[in-house]
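Spelled out from the first residue to the last, the chains are:
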Amino acid sequence: NAGVTQTPKFRILKIGQSMTLQCTQDMNHNYMYWYRQDPGMGLKLIYYSVGAGITDKGEVPNGYNVSRSTTEDFPLRLELAAPSQTSVYFCASSETGGRQETQYFGPGTRLLVL
Amino acid sequence: GENVEQHPSTLSVQEGDSAVIKCTYSDSASNYFPWYKQELGKRPQLIIDIRSNVGEKKDQRIAVTLNKTAKHFSLHITETQPEDSAVYFCAVGTSYDKVIFGPGTSLSVIP
Numbered sequence: 184n185a186g187v188t189q190t191p192k193f194r195i196l197k198i199g200q201s202m203t204l205q206c207t208q209d210m211n212h213n214y215m216y217w218y219r220q221d222p223g224m225g226l227k228l229i230y231y232s233v234g235a236g237i238t239d240k241g242e243v244p245n246g247y248n249v250s251r252s253t254t255e256d257f258p259l260r261l262e263l264a265a266p267s268q269t270s271v272y273f274c275a276s277s278e279t280g281g282r283q284e285t286q287y288f289g290p291g292t293r294l295l296v297l
Numbered sequence: 003g004e005n006v007e008q009h010p011s012t013l014s015v016q017e018g019d020s021a022v023i024k025c026t027y028s029d030s031a032s033n034y035f036p037w038y039k040q041e042l043g044k045r046p047q048l049i050i051d052i053r054s055n056v057g058e059k060k061d062q063r064i065a066v067t068l069n070k071t072a073k074h075f076s077l078h079i080t081e082t083q084p085e086d087s088a089v090y091f092c093a094v095g096t097s098y099d100k101v102i103f104g105p106g107t108s109l110s111v112i113p
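If you're matching them up, the sequences are chains A and B in order. 297 is the number that my numbering gives the last residue of the first sequence; the numbers go up by one with no jumps. 113 is the number that my numbering gives the last residue of the second sequence; the numbers go up by one with no jumps.
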């Protein structure tokens, strides 16, 4: 059981470039989440999904898009990268929902936008 | 939406002393209150959680208390050890399946 995996580990983007952060879980969890963590700060929810085909906005969705075509994968798309998107991005999953269950986090993707 | 506040933002204690971190929330419908520990450069990991039908839960040196009327909950760490040094996040599970995190408390345990 690999749990939640994320790729890449680290990426440098130029302003205006686009990229997709990959997240995969092998625990058959229905719920998946994307967070960003700025240096010295807490976790802010970007988007979440309660199952394949269903996604919803979190606290800070602007500048990002997500899709959920399978239970396992929940990619996060950055269009037109901006310096304000420099952050560490964590993907997480839970079995039945954030209201009641432990969230399992991936190792994170460190993104630098220059 | 849900608003989660956490205090203090930094906390230094001598090894062996106790540490207490408090969180307040705004949505009375929230019903799940986990605490996560994040060591430097690592991912957050759950250390303890409590649900709205329970007032207190303990796991060895760690305990969490919940006051639903006042809408606050606290993390208590007793007999602190240097390996307890980390950032601790409270979180609140909302009625919309979201989990909203507090801003974090940086705990330093001084040997």
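Since the hints were made in silico from the structure, they are not lab data. One should not assume that every hint holds.
[To be verified] If you only want the chain A side, here are some residues facing chain B, beta carbon under 10 Å, derived:
hint	residue
1	Y231
2	A235
3	G236
4	D239
5	S277
6	E278
7	Y287
8	L294
[Unchecked claim] Once the Cα atoms are required to be at most 30 Å apart in a straight line, the calculated DSBU-like pairs of lysine-lysine come out as:
hint	chain 1	residue 1	chain 2	residue 2
9	A	K197	B	K60
10	A	K240	B	K60
11	A	K192	B	K59
12	A	K197	B	K44
13	B	K70	A	K197
14	A	K227	B	K59
15	B	K73	A	K197
16	A	K227	B	K60
17	B	K39	B	K59
18	B	K70	A	K240
19	A	K192	B	K60
20	B	K73	A	K227
21	B	K24	B	K44
22	A	K197	B	K24
23	B	K39	B	K60
24	B	K70	A	K192
25	A	K197	B	K59
26	A	K192	B	K73
Yeah, the Cβ is synthetic: ideal placement off N, Cα and C, and Gly gets one too.
- Item | Hinted pair K24(B) and K44(B), Cα distance within 30 Å | 23 Å, holds
- Task: Take a quick look at whether K39(B) and K59(B) sit within 30 Å of each other, Cα to Cα.
- Result: 17 Å, holds
- Task: For the pair supplied as a hint, K73(B) and K197(A), confirm whether the alpha-carbon distance does not exceed 30 Å.
- Result: 44 Å, violated
- Task: With chain B as the partner, please determine if L294(A) meets the hint condition of a C-beta pair closer than 10 Å.
- Result: Because about 15 Å separates L294(A) from the closest Cβ in chain B, which is outside the 10 Å limit, the hint is violated.
- Agreement of hint Y231(A) with chain B interface, Cβ distance less than 10 Å: Check passed: Cβ of Y231(A) comes within 6 Å of chain B, closer than 10 Å.
- Message: Against the 30 Å threshold, does the CA-CA distance of K227(A) and K60(B) hold or violate the hint?
- Response: Between K227(A) and K60(B) the Cα gap is close to 28 Å, so the pair holds against 30 Å.
- Can we keep the D239(A) interface hint, with Cβ of chain B closer than 10 Å? 8 Å, holds
- Are the Cα atoms of K197(A) and K44(B) separated by 30 Å or less? Holds, at roughly 26 Å.
- Task: Take the C-alpha atoms of K240(A) and K60(B), compute the straight-line distance between them, and say whether it is at most 30 Å.
- Result: Roughly 34 Å between the alpha carbons, so the hint for K240(A) and K60(B) is violated.
- Message: Between the alpha carbons of K70(B) and K197(A), is the straight-line distance 30 Å or under?
- Response: 47 Å, violated
- Query: Regarding the pair K192(A) and K59(B), is the alpha-carbon distance no greater than 30 Å?
  - Reply: Distance ~36 Å between K192(A) and K59(B) Cα, so the pair is violated.
- Message: For a C-alpha distance cap of 30 Å, please report whether K73(B) and K227(A) respect it.
- Response: 21 Å, holds
Of the hints listed earlier, those the structure fails to meet are numbers 2, 3, 6, 8, 9, 10, 11, 13, 15, 19, 22, 24, 25, 26, in rising order.
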